[in-house]
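Student: Listed here are the chains, written in short residue letters.
Protein chains: 2
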Amino acid sequence: MPTAKAFAALSRTTPLVAHEIPRRETGPKDVVIDIHYCGVCHSDIHQVRDEWGRSVYPMVPGHEIVGRVIEVGPEVKGFKVGDLAGVGCLVDSCRTCPSCARHLEQFCVAGCAWSYNSTEMDKATPTYGGYSSRIVVDEAFTLKVSPKLDLAAAAPLLCAGITTYSPLRHWKVGQGTKVGVVGLGGLGHMAVKLAAAMGAEVTMLSTSAAKEADARRLGATGFGLTSDKETFKRLAGHFDVLIDTISAPHDLNAYLGLLRLDGAMVLLGVPPEPAKVGALSLIGGRKVLTGSLIGGIRETQEMLDFCAEHGIVSDIELIPVQQVNEAYERMLKSDVRYRFVLDMKTL
Amino acid sequence: MPTAKAFAALSRTTPLVAHEIPRRETGPKDVVIDIHYCGVCHSDIHQVRDEWGRSVYPMVPGHEIVGRVIEVGPEVKGFKVGDLAGVGCLVDSCRTCPSCARHLEQFCVAGCAWSYNSTEMDKATPTYGGYSSRIVVDEAFTLKVSPKLDLAAAAPLLCAGITTYSPLRHWKVGQGTKVGVVGLGGLGHMAVKLAAAMGAEVTMLSTSAAKEADARRLGATGFGLTSDKETFKRLAGHFDVLIDTISAPHDLNAYLGLLRLDGAMVLLGVPPEPAKVGALSLIGGRKVLTGSLIGGIRETQEMLDFCAEHGIVSDIELIPVQQVNEAYERMLKSDVRYRFVLDMKTL
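Note that the protein sequences, when read in sequence, are chains D and P.
So the working numbering is basically just the index in the first sequence, starting at one, shifted up by 243.
So the working numbering is basically just the index in the second sequence, starting at one, shifted up by 243.
Just chain D, same shape as in the assembly (with noise of 0.2 angstroms):
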């Protein structure tokens, strides 16, 4: 079986270290992708560090993959050799249940093959993400990637860009659209490019002032410091969307106040503890709390093309693949504006 070289993680208290795994045989539907960078995601340490229960080692992490494509199988009918790529958190699906009918391959009931710390369809081989020099993916599993696009900064769409705009789609964002987003990471900050591009008027929600400078030139028209309660007050019933991308505790009823009227606030993190939600915080203004798992394959494609429109790419931070390390330890600290990228080159 052909290999390739990788940066994996072998136990769940080790660092990261060059490795080599195995990537099959190009099938006939098969792209076969030469990795230029990969995008690091929060929930690339909460698996390595097996945060989420049922890590399993050798990992590869890695879902915000980018490339060129260099070999095809003989059936593959929508990439050629030289093409771009990508490849995000989905690798297969069972493509035949009610959610891939609909193209939510992400909800697939037979359950999808995560491109890392998963298996293929068999429900036995492993996965291996993007820390790698090369992947094999189904062309129904691979993304085009517009050339006008900077190609490191390109890498975090496939992630963080699919799962701030899938929500902006499906509660319809557009033109005026009162948008709030809430906390400026890796997540807020596409959040405030992809809803201010849409049309949106978007407020970014943070507990630090020193966001506010960052917030504005990324795309917001509106700063909301969240540590101080008059905020509340002075945004009481403003908002039809809140993208809320924060993973650590906090007041779910607080923020459902800003919602107006059919308002819906959107979870896209996943704080330690289930959060204590009011009844009347919903039933007062017939308010919707929801959440949102990245995107569909079709979505993230039109994302793509709708990023390549805009000139939307990620702010980054683009290091060698030997600093991951330490680049983990930095976002735990929010030490990243707003997203590191690995250059699979320095493999």
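Don't read these hints as lab results, they were simulated from the structure.
Watch out, some of these pointers could steer you wrong.
Just so you know, same-sequence chains aren't split out, so a pair can sit in one copy or run between any two.
SDA-like, lysine to any residue: derived pairs with alpha carbons at most 25 angstroms apart [what the hints assert, rightly or not]:
hint: 1; residue 1: K366; residue 2: L504
hint: 2; residue 1: K415; residue 2: R503
hint: 3; residue 1: K476; residue 2: G354
hint: 4; residue 1: K519; residue 2: G480
hint: 5; residue 1: K366; residue 2: R503
hint: 6; residue 1: K588; residue 2: V312
hint: 7; residue 1: K472; residue 2: A518
hint: 8; residue 1: K366; residue 2: K476
hint: 9; residue 1: K476; residue 2: N496
hint: 10; residue 1: K366; residue 2: G527
hint: 11; residue 1: K519; residue 2: S470
hint: 12; residue 1: K519; residue 2: G500
hint: 13; residue 1: K391; residue 2: R377
hint: 14; residue 1: K366; residue 2: E294
hint: 15; residue 1: K519; residue 2: A497
Once you've looked at the hints, dock chain P against the given chain D.
Tutor: Chain P in isolation, oriented as in the chain D frame:
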């Protein structure tokens, strides 16, 4: 000023007693209704006993009001003497705010005039409810009640009916929609009847196995015993819409697990403490947790017309007004199937 006979709470701790109240002179757009029947809602008890705070005495409860028009103002166009008429939870609103413009007067930005324990829009004149002989209401807040319906049994439609009808419509319940109704009481039994009439496949979810036969008689085709954990496995991912009528503490995450992709759980009851909601309960399946509050006047009329068309009324126990204090005690023990209605000619 004209007066009316009524049954009133004079304090939070004393039983309701006969009492005389003022009713305004008939204005140009007013309809005067001789009240025949008034339903008894659980919120009457909460307010009589000041359990929500801010109760004002003397209080004449009652917002499930039906009767016959005995006088109309000179500018009234929609009603004439002799017509059947109904009044629900609202008797006025600002009529100009964005909520009122959307016919959602219950969310009037200026604060609507509730039928009792509230004030007219002058924010000064107290309002008195339906435990009385007569009420004077602007025709814009007066509903038409079909003579096809049993009048006494139609009274609870004005609150229990619209409270369940509105979320069923808002969440697009129709032919084949899988609806779960949580709790079989005043609201729950209306939710079953209405959802079944809309063509939904209705499942009753109850802690009491003794409710199954009644639920099926009302139109449910399925039953889930919620005290049995197996029910939550059997019905996992089954429902498009859950109508939750429970005011006692219960585990919302367990119920969210019963929703399918994009399903919605609508809270109608207000438990005494906030519920704990896990973000993953919403993110996995893009599920919606929301609430609903009665309905606007236009939708209340639509509901009454729907009920007339489908022959839907409430299951009631008709009692003399003098038994209302005893009725409250029985309601606290859920000892009513499913709504007490006061026969106002006994006043």
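Student: Which constraints among the numbered hints does this structure fail? Numbers only, ascending.
Tutor: none
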